[in-house]
Amino acid sequence: MKKRNTKILLVDDEPDILEIVGYNLSQEGYQIITASNGKEAITKAKLEIPDLIIMDVMMPVMDGMEACENIRKIPELNHVIVTFLTARSEDYSQVAGFDAGADDYITKPIKPKLLVSKVKALLRRSKEQEENDKTLNVGGILINREEYKIIKDNIEIVLPRKEFELLYLLASKPGKVFKREEILDTIWGNDVIVGGRTIDVHIRKLREKIGDDYFKTIKGVGYKLEV
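Residue numbers 33 to 259, in this note's numbering, belong to the letters of the sequence shown in order.
Don't read these hints as lab results, they were simulated from the structure. This list has only true hints and no planted wrong ones.
Only pairs whose alpha carbons sit at most 25 Å apart, straight line, appear in this in silico SDA-like list of lysine to any residue:
| hint | residue 1 | residue 2 |
| --- | --- | --- |
| 1 | Lys-150 | Asp-217 |
| 2 | Lys-71 | Lys-140 |
| 3 | Lys-208 | Ile-173 |
| 4 | Lys-237 | Ser-121 |
| 5 | Lys-181 | Glu-240 |
| 6 | Lys-39 | Leu-109 |
| 7 | Lys-150 | Thr-38 |
| 8 | Lys-39 | Gly-54 |
| 9 | Lys-140 | Met-94 |
| 10 | Lys-76 | Asp-95 |
| 11 | Lys-143 | Asn-69 |
| 12 | Lys-78 | Gly-54 |
| 13 | Lys-241 | Asn-169 |
Estimated spans, in silico, between C-beta atoms of each pair:
| hint | residue 1 | residue 2 | range |
| --- | --- | --- | --- |
| 14 | Glu-213 | Pro-141 | 22 to 30 Å |
| 15 | Arg-229 | Leu-146 | 16 to 24 Å |
| 16 | Asp-244 | Thr-218 | 20 to 28 Å |
| 17 | His-111 | Ile-187 | 15 to 23 Å |
| 18 | Lys-184 | Lys-105 | 12 to 20 Å |
All values reported here derive from a predicted model rather than from experimental measurement. Note that CB positions come from ideal geometry on N, CA and C, so glycine has one too.
Just need the whole structure built from these sequences, with the hints factored in.
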């Protein structure tokens, strides 16, 4: 993924944040698009199809959580990485962010160089995952990594990117007991700091969407995670 072809949508109601973050990322060669609230972010995301969305949580008109949930319902944006950049650092806020479909949750304040490093890590991980496109058919569920599609009983199930990658990882090695560190490294990467509860949130969401029976019938897929 060449930087000059990489689009990043910045969403924040504070002009100073848009200016500072946008400047530092544009200096790295990324194309920067901005929006000042969640509603505007959805409109611009559908128009521009960015590779990454960096979004605040507390905003007027529509907050980041609601915007993220809406973005995850749009098929053409399913591949887009979404990370929150917010001053809210509470555990429940982070869990809510991942529940909404975010791939990462970064708290303010953060030094520009560290933010740039995190952005590079997110995009690098995305590229590595896309280069390993495969299709799995496990337990009656078709998992098409190239098109990010889940087919169960001839019905397509749309999943946020990180939920898809987690399901793909677990289904790729039935019977394997995954350590949390291994999952975090494979799905989020060493350069992205997330809590252990992140996995629990994503597993719970997968059980709700795919069905608990799937995790019970395929050994090692989800329910044999090392605690």
